[in-house]
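Spelled out from the first residue to the last, the chains are:
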Amino acid sequence: MATVAITALSKLYDGGGELAVKDLSLTVADGEFMVLLGPSGCGKSSVLRMIAGLEPITSGTVAIDGKVVNEVPAKDRDIAMVFQSYALYPHMDVFNNLAFGLRRRGIAASEIERRVQGAAAKLGLLPFLKRKPHALSGGQRQRVALGRAIVREPKVFLFDEPLSNLDAALRVSTRNELIRQQRELGITAIYVTHDQIEAMTMGHRICIMSKGEVVQIGKPLEVYRNPANTFVARFLGNPPMNLIPVTIQGDARSHQLRFGGTSLAARCWPAERLSRLDGKALLGIRPEDVYEASPRSGDERLVAITGASVVAVEPLGAETLVVLSLPGVSEEVIVRSGRESKLRPGEHATIQLDLGAAHLFDQATTEVIARIDVKREAGWPRTA
Amino acid sequence: MIAPAAKSPAHNWAAHLRRSPLLAFMLIYTVISGGPFLWVAVMSLRTTPEIFASPYALPSRVHWEKFVEAWTKSNYGTYFWNSTIVVVTAVALLTIIGAMVAHCLARYRFRGNRLVRFVILSGLILPPQLMILSLFQILLEYRLYNTLTGLIIVYVAGHLAITVYILEGFFAQIPQDLFDAARLDGYSDLEIFWRITLPIGVPALFTTVTLNFIILWNEFLYAVVLLTEDDKRTLPLGIMHFMGSHQLDVGMLATGLMIAIGPVILLYALFSETMIKGMTAGAVR
Chain U
3 MATVAITALS KLYDGGGELA VKDLSLTVAD GEFMVLLGPS GCGKSSVLRM
53 IAGLEPITSG TVAIDGKVVN EVPAKDRDIA MVFQSYALYP HMDVFNNLAF
103 GLRRRGIAAS EIERRVQGAA AKLGLLPFLK RKPHALSGGQ RQRVALGRAI
153 VREPKVFLFD EPLSNLDAAL RVSTRNELIR QQRELGITAI YVTHDQIEAM
203 TMGHRICIMS KGEVVQIGKP LEVYRNPANT FVARFLGNPP MNLIPVTIQG
253 DARSHQLRFG GTSLAARCWP AERLSRLDGK ALLGIRPEDV YEASPRSGDE
303 RLVAITGASV VAVEPLGAET LVVLSLPGVS EEVIVRSGRE SKLRPGEHAT
353 IQLDLGAAHL FDQATTEVIA RIDVKREAGW PRTA
Chain A
3 MIAPAAKSPA HNWAAHLRRS PLLAFMLIYT VISGGPFLWV AVMSLRTTPE
53 IFASPYALPS RVHWEKFVEA WTKSNYGTYF WNSTIVVVTA VALLTIIGAM
103 VAHCLARYRF RGNRLVRFVI LSGLILPPQL MILSLFQILL EYRLYNTLTG
153 LIIVYVAGHL AITVYILEGF FAQIPQDLFD AARLDGYSDL EIFWRITLPI
203 GVPALFTTVT LNFIILWNEF LYAVVLLTED DKRTLPLGIM HFMGSHQLDV
253 GMLATGLMIA IGPVILLYAL FSETMIKGMT AGAVR
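Protein sequences, first through last, are from chains U and A. If you want our numbering, it's the 1-based position in the first sequence plus 2. If you want our numbering, it's the 1-based position in the second sequence plus 2.
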């Protein structure tokens, strides 16, 4: 049981001109499941390897339970890691794979036997203890890798994309198994993935990284609902958030957002902030907040946009994705519609944007512009 | 409806015909490589007069006693023992040292690692004839001339390059994750070498052991220059001994050759499959 505190961590690889990790600070609480999420090459695996002690730290500190471990060798950090490749020792059977780390730590044979049997029973590996890794299926190998971490009873679990080699069905069940084990054992876990579904479902909190830097840290739904910038907005959510370039017009008191032939009153955002925007911004709206037909009549947060032409319709079974082109807007807009969407490619439609769930981003910095609570003020944004 | 017919005889013939160049090649290759061996094997069981009377005949009477004679009267026991000491020691040292060097080169990035690799692997392209005079001088100065120890050292030095080359290629394929996992499991670098690299590298180790054994067992050039006393000679020198300056005892020469070939054939029969696997297969599937 441990807290992990990372302070101003940076990593420069030999021969690399640019920092792979830049000035990263992060604290993982005792028993917390923290997910590092980001596209490949964003530095998340480097962070994990520095925590594990597999990679030297260029600058900054990693502390476990308040003790800085920068100079502590990997073997003495009391950390267990599950690798993407599982890293099972191919010349040892499952039992020895599980027991290998315990033997080195001078644990009595009877205790090793007890722990290995316990973990194997918990993970359904009892029938395979005498098998070599090559005689196991992908899912079984994954469970052995997890078992190897569990028997160690470490202070911290590290996971480096452990599910990405599994097929879709197995990934879901293993994901649930992993969550269950972590919650049951209560061991602090840091989990690296580029899969946003894993991040959303597994983490107590997620830390989104891009180009070696932390972009946003928060609870999964918080981050999903309140992205800090367009990177998070596009990276979380599938399909990603629609970003519509808008021009801003108005005086110090009231502004309009214009795109194509549409003009909306921008009352959810502070006027003085809008006047600093150089007349341009991005309106972000998630596909589930765009409606094919008005879901609630009389809700003034819903704005109808006419003349959208249907570019493509993708029925996914449980839902239908409709790709639309709005008049005068270069970006296509994706709508998450019900499974019985009536729209067909080539048709024209009127759609409803839920401005109550929309975000506005600064086009230059890509940062979100904080909303203000306008419920108390009279009237919601109305088409002008 | 007619079920798809089995291939017609004509079709079969065409297939055979297409394959006939390959079969012919295999046949010629087998005759060229296996023929001389078979001939020597037959001659090793015949006496010299019998051989001169009819070189290619099968033995009219099998002279097993020639093997006993070669072993006892021609000092063959000593040669065989010398060869065994030299080759087994050299191969053991080569395997351990070569594996350690290969492990370091494949696993660690250290200052000057490219230089070290270049120096070691440049041994691959140096012809032995080039070094023989200087080696002779060095061994003389260190009182290692005419000793088995001297020859063992020369063999280890001479074959380290090819050993490291083969092993490094294999070790480099072992995923880094395995080493990282072992480090997190608490093992030191040396322990990781013994418990991870060596066991996983067994197929490659078999390859180098077999290869080095066969080459060193037959090595002649260094041995003939660096050993002069009869009781220090290795098998290849002993065989030359049968070719006296005045006479050529073909029958005993053949017997001597068969004794010398024996261990190589045995080794190859036992390990050829593992060796080929080691040369072709990846480290970890």
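These are calculated hints, taken from the structure and not from any lab test. Just to be clear, a hint being listed does not mean it is correct.
[To be verified] To give a feel for the contact side, a few chain A residues facing chain U, derived at Cβ under 7 Å:
#1 A174
#2 P177
#3 A183
#4 Y189
#5 D191
[To be verified] Here are the computed lysine to any residue pairs in the SDA-like style, where the Cα-Cα straight-line distance is at most 25 Å:
#6 K344(U) <-> T368(U)
#7 K69(U) <-> K75(A)
#8 K134(U) <-> R116(U)
#9 K157(U) <-> D78(U)
#10 K134(U) <-> Y110(A)
#11 K157(U) <-> K132(U)
#12 K132(U) <-> P177(A)
#13 K69(U) <-> D251(A)
#14 K132(U) <-> K75(A)
#15 K344(U) <-> Y110(A)
#16 K77(U) <-> V103(A)
#17 K77(U) <-> Y110(A)
#18 K134(U) <-> P51(A)
#19 K134(U) <-> R197(A)
#20 K132(U) <-> I194(A)
#21 K24(U) <-> R145(A)
#22 K134(U) <-> V103(A)
#23 K77(U) <-> R111(A)
#24 K157(U) <-> P201(A)
#25 K279(A) <-> C106(A)
#26 K132(U) <-> C106(A)
#27 K132(U) <-> R197(A)
#28 K77(U) <-> P205(A)
#29 K77(U) <-> P51(A)
#30 K134(U) <-> E143(A)
#31 K75(A) <-> Y110(A)
#32 K279(A) <-> K157(U)
#33 K134(U) <-> P177(A)
#34 K124(U) <-> G62(U)
#35 K77(U) <-> K75(A)
For every residue, glycine included, the Cβ atom is placed at its ideal position computed from N, Cα and C.
Going through the hints against the structure:
Taking 7 Å as the C-beta contact cut-off toward chain U, the hint placing A174(A) at the interface is violated, the least distance being around 16 Å. A distance limit of 7 Å between C-beta atoms decides the matter here; for P177(A) the minimum to chain U is near 6 Å, and the interface restraint holds. Interface hint status for A183(A): upheld, as the beta-carbon distance to the closest one in chain U is roughly 4 Å, under 7 Å. Checking Y189(A) against chain U: minimum C-beta separation of about 6 Å stays under 7 Å; hint holds.
Given hint, D191(A) at the interface with chain U, is violated; its Cβ is 10 Å from that chain's nearest Cβ, farther than 7 Å. Between K344(U) and T368(U) the alpha-carbon distance is near 35 Å, which puts this suggested pair outside the 25 Å criterion. Proximity of K69(U) to K75(A) is assessed by CA-CA distance (about 77 Å); at most 25 Å being required, the pair is judged violated. Restraint check: the Cα-Cα separation between K134(U) and R116(U) comes to about 20 Å, which is no more than 25 Å; the hinted pair holds.
Between K157(U) and D78(U) the alpha-carbon distance is near 11 Å, which keeps this suggested pair within the 25 Å criterion. Taken as a hint, the K134(U) and Y110(A) pair is broken in the structure, with Cα atoms around 28 Å apart against an allowance of 25 Å. Using a Cα cut-off of 25 Å, the hinted pair K157(U) and K132(U) is violated, with the two alpha carbons roughly 28 Å apart. Among the hinted pairs, K132(U) with P177(A) is consistent with the structure: their alpha-carbon atoms are about 23 Å apart, no more than 25 Å.
Under the criterion of a C-alpha separation no larger than 25 Å, the hint pairing K69(U) with D251(A) is inconsistent with the structure, at around 81 Å. With a C-alpha separation of about 55 Å, the suggested pairing of K132(U) with K75(A) is violated against the 25 Å cut-off. Note on K344(U) and Y110(A): the hinted pairing is violated, with a Cα-Cα distance of about 62 Å set against a maximum of 25 Å. A threshold of 25 Å between alpha carbons decides the hint, and for K77(U) with V103(A) the separation of about 24 Å falls inside it, so the pair holds.
Under the criterion of a C-alpha separation no larger than 25 Å, the hint pairing K77(U) with Y110(A) is consistent with the structure, at around 18 Å. Between the alpha carbons of K134(U) and P51(A) the distance comes to roughly 60 Å, so the proposed pair goes past 25 Å and is violated. Proposed proximity of K134(U) and R197(A) is supported: the alpha carbons are some 16 Å apart, at most 25 Å. With a CA separation close to 22 Å, the supplied pair K132(U) and I194(A) stays within the 25 Å bound.
The straight-line distance between the Cα atoms of K24(U) and R145(A) is roughly 61 Å, outside the 25 Å bound, and the hint therefore fails. With a C-alpha separation of about 29 Å, the suggested pair K134(U) and V103(A) falls outside the 25 Å cut-off, and the hint is violated. In summary, the hint linking K77(U) to R111(A) is supported, as the alpha carbons are separated by about 20 Å, within the 25 Å threshold. Only pairs whose Cα atoms come within 25 Å are accepted, and K157(U) paired with P201(A) is rejected, the gap being roughly 30 Å.
A hinted pair counts as satisfied when its Cα atoms are at most 25 Å apart, and K279(A) with C106(A) qualifies at roughly 23 Å. Proposed proximity of K132(U) and C106(A) is contradicted: the alpha carbons are some 32 Å apart, above 25 Å. Annotation: proposed proximity of K132(U) to R197(A) holds, straight-line Cα distance about 19 Å (limit 25 Å). Our distance criterion of 25 Å between C-alpha atoms is broken by K77(U) and P205(A), whose separation comes to about 29 Å.
For the hint pairing K77(U) with P51(A), the CA-to-CA distance comes to about 73 Å; that exceeds 25 Å, so the pair is violated. As the CA atoms of K134(U) and E143(A) are separated by approximately 54 Å, the hinted pair breaks the 25 Å bound. Distance hint between K75(A) and Y110(A) is unfulfilled; the C-alpha atoms sit about 54 Å from each other, more than 25 Å. Taking the CA atoms of K279(A) and K157(U), the gap is about 42 Å. The hint is violated against a cut of 25 Å.
Proposed proximity of K134(U) and P177(A) is supported: the alpha carbons are some 17 Å apart, at most 25 Å. Between K124(U) and G62(U), the direct Cα distance comes to roughly 38 Å. Violation of the 25 Å bound is thereby established for this hinted pair. About 62 Å separates the Cα atoms of K77(U) and K75(A), which puts this hinted pair outside 25 Å; it is violated.
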